[in-house]
Each structure stands twice: as structure tokens, then as C-alpha cells.
Amino acid sequence: MELELRGVSKSFEDFVAVDNVSFSINKGELFSLLGPSGCGKTTTLRMIAGFYAPDVGAIYLNKQNITHQPVNRRGTAMVFQNYALFPHMSVYENIAFGLKMQKVEKSGIQKRVKEVLNLIQLPGIETKYPKELSGGMQQRVAIARAIVIHPEVLLLDEPLSNLDAKLREELRLELREIQQKIGITTVFVTHDITEAFALSDRIAVMQKGKIMQIGTPMEIYEKPENEFVGAFVGKYNRFPVQVLEIQEDVAIAAGQGNGLKLKIKMNATPLAVGDQVKVMVRPERIRLVARTAVTATGNAFEASVIGSYYLGTQNHYEVMMNGSVVRVEMANDGSPIFEKGDRCYIEWGLEDGGYFK
Amino acid sequence: MTTLENVWKGIPFLGVFNALLTVFMIVPIFIIVLVSFSPTSAYVIPTTDWSLRWYVEIAKYGRFIYGFFLSLALAFAAAAVATVLGFMASYALTRYDFKGKQLLDAVFFSPLTMPAVIMGFALLVYVSKLGFYDTFTSFLLAHILLCVPYVIKTISTSLEGISKDLELAAMSLGASRLTTFLQVTAPLAKTGIAGGFVYAFLVSFGEVTIALFLSGTKMTTLPLLMFNYMQDANTPVIAAISTLLIVFAVLLTAVVNKIVSLKDIMS
Amino acid sequence: MDNNAVTGRVSRKKISWTPYVLVAPLFVLMLAFLIIPLMNTLYISFAHYVAPAVYDTSAITMENYLKFFNTPNYITTLVRTVRISVLCTLFCLLLGYPAAYYMSKLSGKKQQIYLLVYLAPWLINVVVKAFGWTLLLSSNGIINDLLLYLHIIDRPLQMLFTEGSITVGIIHGCLIFAVLPIYTSIKAIDPHLSYAAANLGATPSQIFFKITLPLSRMGILAGGLIVFAVTMASYTTPVLLGGGRNRVLSFLVYEQSNRLMNWPMGAAIALVLVIIGVVLVAAIQKFFEANRRRRDLME
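Chains as they are written, first to last, in my numbering: chain A, 1 to 357; chain B, 1 to 267; chain C, 1 to 299.
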């Protein structure tokens, strides 16, 4: 374990920005802090960098307590959202800056600057000034400046947010490649779900200063532990129901007043008769069929199509089932497309849904 | 584009009005320059005979020369000290949040808001009691305090334009606070510092009122001499001196404007 | 270990000493050579005059203030000073608003030039400026010469050494103080508002009176207050352009302190000047700012 936060909290006057946050990151891992604005992810990152000191809690790097170490001696290097390249210094001087602080001798600096410029695929721009570079180039230089000093941990504060969509995708891939190539432990802050999923080994989803869930992208998406995470990382259909009876590991629940009867597979959170739960099923896990063959192993319901949207790679449907609107997404694999007004069945297996209390 | 762009142009008198106002602004200064070339000892605008005799006459007025150098030295010293102190204060005010900051801000800017006569009066009584009336030191101290608000305003504007992230970046790359300051903050603030210095210099160089209170026989700064002269004697030599001062001020301002935008500061 | 130094946040645990160290020299200087002298002045204003430059502070007396308010001459001066200040403020706003408006519609280069035009008087020594007006306004000055030459008048007009000449001289020097705040507040108005209004059928003059003018009112207030305060405090221009018959309050202070050497009286008059020129202005400003904040909150 490389970096660990234990019970870290921080408030600004009356506002609690970070509330009892704990997690640990392994060496070489790319760990993302994901959440909406104001959730505390940037504050947490800045505490790791040492820009703020936590009110409570501790930060450990390689088992050493660095909570109160000054910014310039922590072994962390930060890449800022607005690049923060020194405008009065050339690209060479910017990148060399950290090396000079480490008192690397001149020939060593020259060698390493050249190497890192090759790594970011911008050789030969040493003499240019930041204002002569495009946004994407500036960001790469900012990354180079941070990694050239071989920090223990690389910190990235929404580094791609200022770039246009296409550049973001390109740079995202490059970033991941570089990170894996040099094997550096990285903490990445973003509010963009796709970015977090594409880059991360593991993600911590945050809301209002608290960590809502930590897991791999798949764990977070497939098995959200609470409704916030479930709703934040993807679309889903929600069915509020009450448990009527339990048969082994399957609960049978009914919706209030709409005649809906669902089967839920129980997971780590046990259910009891009478429990009110929200069942969550993602649109891409529901199948729209003309006839259903699903019986005891899944859920199948009659429905009528009220909206059908052809999106090229996918078809999106809105169907009315037992009084609620259910969204379904199906890949366009050549099977017949349903139109508005068609009667059909929607079905999903017991493994395809989750629930929250 | 749309007619909205031309709305104000449609107000016919606005352009004329501004032209007239411009004339109003410039004429007094223009007249002085013209009169300085007067061939006679009366104030006339030369039409055919342009003469430089009054410029030559300046050399005869030893006390004006003395006054000029005195003002120059005073302005330079006051601006220098004001810039150093003002920079330190600006840095503290823009980069830190601390108790008493607002009060301190008000105190530092107070010389701007108070009438010069009260500053002059207060200092007159004070330095007389303390025994250093009519000295260079008394003037220096007064001018430093007078100039500091301008310096702080200029440098603060400049510092605020330097993103805090730059300093954070430097520190996260291993630079100490001092190194960050020397290698990142100071170079980026140098235009603000230069601007502040020139601003302070101009303020000190042209200051009359406080000089009036604090001077006896020795500290006769140039503006003070001119003030007295205007009320007593009357030859165009003063027009000549004025013209030179105008040129001096214009040059200095052009220099400043290149470095720092005056418009942003005057708010 | 200055974490809060860099971020500007006050950490609950440690207080950084650095800002205090940075401001200390200036503060000490100000304390010693501004604050204490000013306190001293306040103190002296309640002292008893004994002889030139000598006064007795053993007992608090209001005699200086009483004498001031009971001397018709002084009251006339006070009234004159306020009158000139109000006039200058009005004129600077009336002239300055169109100037600022015009400037705000200009493009970069032209704007710079205009700015310099209004800035120019400020850069030039105040004595030189007054001299320029003397040349123009005196009995054998340029304007009179011109009018006589054109036979518009028979005898030279008395323009100099009047309240009018003081007012003109001050307006010349203070216009920039009105123009800049107004300009800034006009510039701050979202340009889309004008388009939106025009789209909804407003004529250009309606746009001006219903949108531009109201939204720039804080600039007008700021400019007006600055001009008023500066005019109240002016010394050189009134003395040079007004002469001995049109004295202003600041001259009285000088007279008391350097000619009559009646320091307690000088202090008292200085205090009166401060109260009107500074305290009143600050109070008005605070009042309007508080009002506006309340209104903004309610909206």
C-alpha cells in the first residue's frame, strides 16, 4: 500500500468539505476521486498535496505520516486544471524547475527533459513559451513537468476539463499509457464518469464530503452499494416495492397499488418480509421481446411501447409497464425494432437487478 | 451589425460634446506650452516670433534648479521606500487571510482619502514638537506615507493577476517559499513593481500642499517654488519650467503605460 | 510550514506569522507618522491657545469649535467650500457621464487615447494646471484678449479670482475621477441586456434611461463622492485661482497653522473639514452600499 488516508476531515468555517474520508491506494494504481462539484474531491486531493492541512485524520505515504509535511517535501507532484505553467519560463525551464530544486546536475537535467518530452510526444519544443502552445500541448507539458521529478504519487486535478471533447479522449488514452508505462501511483480527480471509468483501476465515488463507494469501475457500475452511486454512474429504472415473502435467496416483492410483482435476488444485504426497498435495473439489462420465455428465473412483464428512438448503434425505448415508465436500451443487432404503440414484453434475469433499502 | 451598434452614434451631439470636452481638457496645457515660447516678458502667444529665451532664463534661477534636484531626490527616495514597504504589504494583503486585514487595508489607504491639509497640519505640529521641522527626513516620511496607497494598489492588481496555482505548482515541485517567491512571484510581479514605483515618483514629485505646511526656508521643492512664484513675480519663465515639467510627466507616463495599464489601477 | 500562506485559509491549528511580519514595518511607520499625529491633532483641537505655536492641553475646551461656528467669516468660508464642492460634483457628473458613455463605446486604441486625454490633467502638476487657467482667464489673458479682439466685449471680464474660476479649475482636474467609475460601471453591464430590450421593442433612448442609466448608478455615486471629497480637500487650486477673496476651508487651516500659529484653532478647523469631506462621504457610501445589498438580496 502506497498512499493511505485515515479518517481525514476538513471544514472551511461552517462548511464541511471533507467528512471522515479513508482509503488506501496501491503502488502503481490509478485511483480516481469521482463525484459532482462540491463533493470534496478536489479538497481531498489538495490535502494529499499538502496545500491544506486536515482538521482531523492522517495521510500516510509509504507508511510514513506526511500529514503535516510542507508542500515542497512530500513526494507528491500536482498537475492543475489550468496547467499552471510558469509563463515567464520556457518549456525547458518549466520542466527543469523541479529537477533544479532536486539539485540534479545540468547534464542530467538535459537528459531527463529530453526523455520526458519524447514520452509526451512533443520533442523539440524546449525553447517555446507556454503562451505559444495549444491547450493540449500545455497540458502535456504540465504532466511532463510533474512526472520528470519522479514523484512517489502523481496528483491530477481535473486535468482534461479545459480541453475540447476530442482532445480529451486523445489525451485520456495517452495519459493512461504514460501512467502505466512508468508505473506511477496516481490520484485522479474528475466529475466525468466516462473519464473515470476509462482510466481508473479503482474509483472512489464521493458526495458531500463523504465516500459513497470504492471499487473497480465494474463493481461500481454493476453493484452500486447505495442509490447515489447507482444513479450517479449510469441511468437506471427504479421500482419502489415492499417484500411480501422470501423463498431461499429470492424475495418476492410487490409495488404499492400498481399490481407489480418482482423477484429480487438477495445479495449481501438481507431482506425481511415487510421491508421497503427500491429495486434498480439498468436499461441495458432489460430486453424487449415479442414473446417471453422467462419464467421462474427472472422477471417478465407485459408492456406497451410509448417511445422508440433509433440511435444508430442502439435503440432506446420507453415502455409503459404497470403504470410506470421503464427505459430500455438494446444494441442494434439486426433484430426487429419495436415502434410506438407495439405491445411487447420486457424481461430481465434475477442477476440483472439490484436494490437499496 | 445590428443597428444597436450604431445607437450611440445616432446621438449627434455626443461626438461634438466629447470633442468640445477634449478641447476643454487640453487647452490650458497647450496654452502654457505656447506661452513658454513668448518673445516678450508678457504672457503672449507667439505668432511670428518664437523665442527660447525663457528656457535659457531658467538657468539663472538657481533656486529653481535646486528645487528641481531636491524634488527629484525626494521623489526617488520616497518612491523607493514606498515600493519596498508597499510590496511587502501588498503581498500580505493579497496572498494571506488574517485577522485585522480589513482594518489594515483601510489604514494603509487612508492617506488617499484624507485631505492633504490635515496630513500637512498634523505632521507640522508633530515634527515641530519633535524637533525636525523643515528637514529632508520629515518630507521623506510624509511622502512615503502619501505614496504607499498608490504602490499598494498597483502591485496588488499585479499580484492578483498571478494565479495562486503557479506558486502552488512551484512548491509542489520542491521549491521552498523563498525560492518560489524569487523565481516565480517576483519576476511575474515586476511590471507591477515598476509601475508602482513610477506612480509613487510622480505623486511625490508633484506634491504641493504638504510641502507648504512642512517647509521653512530649506526644503523648497520645485512645486512649492512654483506655487510661491506664481503668486508674486510674473514672467514666462514659469511657463518654460511648466512646459518642461509637462514633457517630463508625459514621458514618464508613456513609459508607465507601456508597463502597466493605468486604467485598471485608477479604480 | 505555511500551508495557509499559500492557500489563504486560516488553519484552525496554527497562525502563520508571515503576513504580520510583512506588514509590520509599514504599519509602524504609519502609526508613528500618521496615526499618532492625527490623534494628536484631534487632541489639540480641544486645547487652549496660549501663544504662537504654544497651547495648553490641561483642560478640554470647546472654545475653538465654538469660535469657528460663531465667526461669520468662517461660516461663509465653510458654506463657500461646500457650495463649490457640490457644484463641482454636479458638473463633473453631468459632463463625465456622457464622456464615460462615449468612451465605453469606443474600440481599444481610440479608448486609450481618450483615456489619456482625461488623465492628462491629473498627471500634470496641480500648480502648472492652475497656471494654465490663469493664462486663460486673467484680465489680460487669452480669452479676454480674444473677446476684445473680436469686439464681443469692451472691457475685460473678471473671470479669474472668482468662485467660478475655482470651480472650472477643479472640474478640469477632477473630471477623471468621475469618468472612470462611471465608465467601469457602464462596461460592467451585460451587453446582451440592450439586445434583449431592443428585441422587446425598446427604442435606444428607452434602453438608455431604463437599463444603462439605472445599472450604472453605483458608478455615478462613487464618482460623485470622490469628486466631492477631493474638492472639499483641495488647497492649491482654490488659492491660485480664487485669490484672497474666495477662501476655502483648507486655506483656513493653513492660515491658522502657518500664519497665525494658532494650532488649536487650526486643528479644530481641520477636524471640521475631515468630518464633512471624509466622514460624511464614507457614511453616505456605506448607506448606499448597504441599501443596495439589501435590495440585491431581496431580488
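Since the hints were made in silico from the structure, they are not lab data. Treat each hint with caution, since some may be false.
In the DSS-like style, the derived pairs of lysine-lysine whose C-alpha atoms are separated by at most 30 Å in a straight line are [what the hints assert, rightly or not]:
1. A:LYS106 x B:LYS164
2. A:LYS114 x B:LYS164
3. B:LYS190 x C:LYS210
Since the structure is predicted, the reported quantities are computational estimates derived from the model, not experimental observations.
Hints and how they fare:
1. A:LYS106 x B:LYS164: holds, 29 Å
2. A:LYS114 x B:LYS164: With Cα atoms ~28 Å apart, A:LYS114 and B:LYS164 stay inside 30 Å; holds.
3. B:LYS190 x C:LYS210: violated, 44 Å
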